[in-house]
Amino acid sequence: MEKHVSRKLFAAAILAASALAAPAASAQNAYVIGYITDLSGPLADSYTPTWQGFELYMKALNDRGGINGKKVEVILDDDGLKADRAVANAKKQTERDNVVGIFGLSLSSTQAPVFTEMRKIGVPVVTTFSGILDALPPSKPFSYSTGVVFEVAGEAIGELTKNIKPNGKIVGMTFDSVGGRAALSHNKRMAESLGYTWDEVLFPVTTSDFTPFAQAVAEKKPDIVVGHYGSGQNLGVIPALRRSGYTGPYIVASYGVTEDTVRQAAVRAGNDENVYYVTRYATIYDNNPGIAEVSAAQKKYGTSKPFSSMHLTGWTLGKFAETALKACGWPCTREQLDKVIQTLKVDAPGLTGGPIEMSPQDHYGPTYWRLYVWNPKTTSMEPKSGWLKKAALKFPLQ
Amino acid sequence: MEFAATIVILTCTYALLAAGTVILYKAGRVVNFAHGELAIVGGYVFYSAGLMSGGTSLWFPVAGAVVFSIIMGMFIYMAMMRRLVGEPFYVAILVTVGIGIVLKSAILVIWRAERLTIDVGVTPAIRMAGGATLSYMDIASVVLTVAFFAGLYLFFRFTRLGVQFRGTAENALLASQRGVDVNFVLSLAWVIAILAASLSGVLYGGRAFLSTESVTIGLAGLTAALVGGLDSLRGAVAGAFIVACAQYLTVRLVDPVLSEAVPFLLLVIVMSIRPWGLFGTQEELDRV
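Quick mapping for you: the protein sequence lines, in order, are chains A and B.
FYI, the numbering for the first sequence is 0 to 397, going by numbering that gives the first Met the number 0.
FYI, the numbering for the second sequence is 0 to 287, going by numbering that gives the first Met the number 0.
Looking at chain A on its own, in the form it has when it is part of the complex (with noise of 0.2 Å):
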């Protein structure tokens, strides 16, 4: 008998266990995608506010009714910026959450297995950060960029430099990994062949103290220097470029860097008038009615961090996320999904200055960048450029 009321009650825990180990079963009724990104490794200051924006896009899509009538339940999971994680969270999200689709993701070591594994069981990977190659024309299946690819970005601001000096020196600055080599070495290409001199100093991931790289800098004289790293880099390297005796133009590369991270930086270093911003999404101080509804999205649903070029960033993966899902009708199944954002064309008016286009051949497509000024005066930045559109490259280089 007692042995009995044992299984009974084993198989009550098996049953539990089950119910418990499928949260997917209880949402049939609604589009179910997934979203990993790095909410308490080292660079969680950079992905929270973009996952905050895609957050609030899902938010007020729910409110207005969802897509087709189904509600978007997002299964969100932090991957603290380790490889290994970001891959056995993308595995669970698939096998367990059924998810038909992966947005977010964080620094491009944590990309690529998450694409490699997904790639190899069909479900389409969305990124909207440092964006590896995959993305890049000649695309790899299942993976799609809308963020901030450092080949492009390098090329970009290489460009847009013309519009603060038209020839001198520059002075490139990353920290030791491929992601900054390869920016560096993009941002020097189109410098050098736009008639600039270059000079470049890196330094170790791991630096906090910047103050003998920045003297560095300043003793090659540059006429202008440009960052290629995140917001906690820019906050160290400013002041010691000033610091050290360098007043030039600084130019700050948005991989994840905020408005914020600027303001704080600028007053470091002494509510400085000579740095840059160039970001692929607008900025919060952009007067246009997209910035007006994120910004009121922001007011009426609240954000744990201050309002930023980031959240405009995730919440245009939102939109991109829900003008996929619209297009793949309802039930969406993975390879559905994947084929309408192969040929998905996305506006985003006033928050970035063209529309996100992807082709079979091209998940990335063209970009657009701008150039800001930071003014010291109404604590805001203004823009110092027009929008700057830039094709996606092809690798290898021809």
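Source of the hints: derived by calculation from the structure; they are not laboratory data.
None of the values given here were measured: they were computed from a predicted structure.
Idealized CB from N, CA, C, for every residue including glycine.
Certain hints may be false.
Stretch by stretch, here's where chain A covers chain B in the computed footprint (C-beta under 8 Å, at least three residues) [said to hold, decoys possible]:
#1 0–10
#2 74–81
#3 107–114
#4 129–135
#5 172–183
#6 196–208
Given the coordinates of chain A, assemble chain B onto it according to the supplied hints.
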């Protein structure tokens, strides 16, 4: 001038960390691998206490960092290190590694891994030839480090507690038999070491930024202590100076990317030639 100033300021940061490592080693034969984490968490506490006071007073964040150091020092010794008396030396080392991991997680959980800067005295105080500047915080780094080492010297040399401290470091059993409260002395060693680390973290946060990656300054401090000699405060300063010079000169003359590897290369060389460090005693090494 700019070159010398940077090396002096780097030396101060590393010397404070190395001093803490030396004090702990001398007092309890513990090599603390959590010193970088303690320094950066001390900086974070300073920052948060400053926010709580509305940024109006410097006393509140200073008090916050001091209270953190006292509580943390007493807690680590009383709750963990005291129980390890008689255990092999590597057990204490492993415990400090664990403390480091917990503190790093605390940065993630409490401060959400945010990069923070301590914007106290960051305005230029001295302008040098070529336009480079030194901030009030830079000057404070030097003044406070000198004051800390002078205070330590006076404490060990002229106070009763300092003599008890030296006695405990020399022979804890004998000191105990002579009526010295060894547990109190060893707790005090942890408090002083964490105070030095917190000071270093605050100064570092004023010059660079606080983050989970910044804890690597602890390795530079440990390297400085090992190069100078684990049982020598004089060696801590010398080791800090050597590490700072090596890092700075690598950036300026060799390849900036190698700047973090060079101190360790230096460590390997010193350890190969003189394993007890430049100012350490051979006898101490034999004990380990």
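Coverage claim, chain A over the stretch 74–81 of chain B, checked by counting residues with Cβ within 8 Å (three needed): Three-residue rule not met by the stretch 74–81 of chain B, so violated; n is 0.
If you look at each residue in the stretch 196–208 of chain B, do at least three have a Cβ nearer than 8 Å to any Cβ of chain A? holds (count 4)
Mind taking a look at whether chain A covers the stretch 129–135 of chain B? Criterion is 3 or more residues with CB to CB distance under 8 Å. holds (count 6)
Three residues or more, CB to CB closer than 8 Å: is that satisfied between the stretch 0–10 of chain B and chain A? With 5 residues closer than 8 Å to chain A, the stretch 0–10 of chain B meets the three-residue bar; holds.
Three residues or more, CB to CB closer than 8 Å: is that satisfied between the stretch 172–183 of chain B and chain A? n = 0 at 8 Å, threshold three: violated.
Three residues or more, CB to CB closer than 8 Å: is that satisfied between the stretch 107–114 of chain B and chain A? holds (count 5)
Checked against the numbered hints listed earlier, the structure breaks hints 2 and 5; every other hint is satisfied.
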